[in-house]
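A.B. asks: Listed here are the chains, written in short residue letters.
Number of protein chains: 2
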Amino acid sequence: MLKSYYNLYFSKQKAFARELKTILGFLPKHLPFYDRAFTHKSTANKDESKHSFDNERLEYLGDAILDAVIAEYLFRKYPTEDEGFLTQMRSKIVSRKTLNRVGAEMGLDDFLKARGLQRISPTVMGNCFEAFVGAIYLDKGYKAARKFIIYKMLQNHVDVHLLERIDNNFKSILLEFCQKDQKSLSYELIEQQKNDGKNKHHRQHRFKVAVLIDEKALAEATGPNKKTAEQNASKQALIKLGVVDKNGHKKE
Amino acid sequence: MLKSYYNLYFSKQKAFARELKTILGFLPKHLPFYDRAFTHKSTANKDESKHSFDNERLEYLGDAILDAVIAEYLFRKYPTEDEGFLTQMRSKIVSRKTLNRVGAEMGLDDFLKARGLQRISPTVMGNCFEAFVGAIYLDKGYKAARKFIIYKMLQNHVDVHLLERIDNNFKSILLEFCQKDQKSLSYELIEQQKNDGKNKHHRQHRFKVAVLIDEKALAEATGPNKKTAEQNASKQALIKLGVVDKNGHKKE
Chain A
8 MLKSYYNLYF SKQKAFAREL KTILGFLPKH LPFYDRAFTH KSTANKDESK HSFDNERLEY
68 LGDAILDAVI AEYLFRKYPT EDEGFLTQMR SKIVSRKTLN RVGAEMGLDD FLKARGLQRI
128 SPTVMGNCFE AFVGAIYLDK GYKAARKFII YKMLQNHVDV HLLERIDNNF KSILLEFCQK
188 DQKSLSYELI EQQKNDGKNK HHRQHRFKVA VLIDEKALAE ATGPNKKTAE QNASKQALIK
248 LGVVDKNGHK KE
Chain B
8 MLKSYYNLYF SKQKAFAREL KTILGFLPKH LPFYDRAFTH KSTANKDESK HSFDNERLEY
68 LGDAILDAVI AEYLFRKYPT EDEGFLTQMR SKIVSRKTLN RVGAEMGLDD FLKARGLQRI
128 SPTVMGNCFE AFVGAIYLDK GYKAARKFII YKMLQNHVDV HLLERIDNNF KSILLEFCQK
188 DQKSLSYELI EQQKNDGKNK HHRQHRFKVA VLIDEKALAE ATGPNKKTAE QNASKQALIK
248 LGVVDKNGHK KE
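As you go down the protein sequences, you meet chains A and B in turn. Positions 8 to 259 (the numbering used here) are the ones given, in order, by the first sequence. Positions 8 to 259 (the numbering used here) are the ones given, in order, by the second sequence.
Hints may be right or wrong, so weigh each one.
It does not matter which identical chain is used: a pair holds within one copy or between any two.
As the list claims (entries may be wrong) - Within a straight-line C-alpha distance of at most 30 Å, the following computed BS3-like cross-link-like pairs (lysine-lysine) qualify:
#1 104 with 159
#2 223 with 178
#3 19 with 258
#4 253 with 215
#5 253 with 178
#6 201 with 28
#7 190 with 154
#8 19 with 253
#9 21 with 147
#10 150 with 28
#11 104 with 201
For the record, the hints were derived by calculation from the structure and aren't laboratory data.
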């Protein structure tokens, strides 16, 4: 089956299909989807009615597919964690920073360059990766996109356990820090907004919590629940104390 | 096949499965998923380690599946619209208001009540609908969830064309208004932030536009692109002029 449509391609397309196969793990069926995924708006052709044949619509689609697949992946991976934790983990995985890196590591920039794009910023790489996922979905459906995201993207390019640790131990790092210096540590709920559920942004910031060290407020932060707000506030406190940097990495 | 697992249920479960079938259009396979979707945290049992068997994890999953299915539905329905339009249309469809209404219209409140929930707010209905979608996904997979969302939710409960019109004609309503009163109408780009792509919230507000009537700024608004920012600013102007209400509906 695979071989039969491969034989239909012309030689230039064959090379493109072969290159894609090394990234995808399967032979793509409809090359125009991928072609479009690698077309940045600055290099896109426009038709008479000014419709641009760039990758931005695919980026919108791929973004949604990524979110869904990773939501389910985390749902199954962490059967006892609450939705606050799952939401936060997903944000870390689909962060610009991660997507930009994944796009670069997969070598998608070669395809962008081949279509005439000269300066490729990290963001362009991340957007291109999203568009690539959109193309896979249109070409082969949800199951294939899911497989690609889990077995190619996550398995080879994302250290989920590292991401997990990075953000989840701020409370314990801070506790350790305080115990060593014999300081008291406590948290105070400053604000709890009613869940009017109007939008996600609002939901993400419902709870506002302060960190108190020796009874003095050192930092505050918000979150979709108390636990997450406390984590976020602990991170802020650790940054102020110079224990971790802005990315949450421990300083040497 | 369907009949065979139906026969395995006990009579109480059979009644539950039958009720679900009238909403789903198919006989559910694993009832516990649905049972959980209808369990609000205030009525949920907790185990020894305080894990709550409520619907919040399913809500998180359903939310992501809804976003992906509707993203693709709109992608195909509007082949020439840009990603700004598609994103905006999707926000309208998965708005709290719409989801709350859909949950209520499907009669999901009966299931919540049957599990002991007494006061059911609109938001609880919307969240329950999301959890219901999550349950369908776990029970029958992506294709079944997609079918349910398109043929049950969208076709029976959402007037996509009405949503489309509601937000897209603010510019023309305003133009009409100005022409009638012989006033001049223009738009001015006040601010255009660089696309640092860091987060969606930022992307949604990159462009800031002012509406000028007879050369005087009447209102301003932001958007992910100029066109959308102009629409949003037009809406604000129309609200100030008393032509439409806050929901964008024309006043009598």
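A.B. asks: Please write out, lowest number first, the hints stated earlier that are contradicted by the structure.
C.D. replies: The structure conflicts with hints 3, 6, 7 and 8, although it agrees with all the remaining ones.
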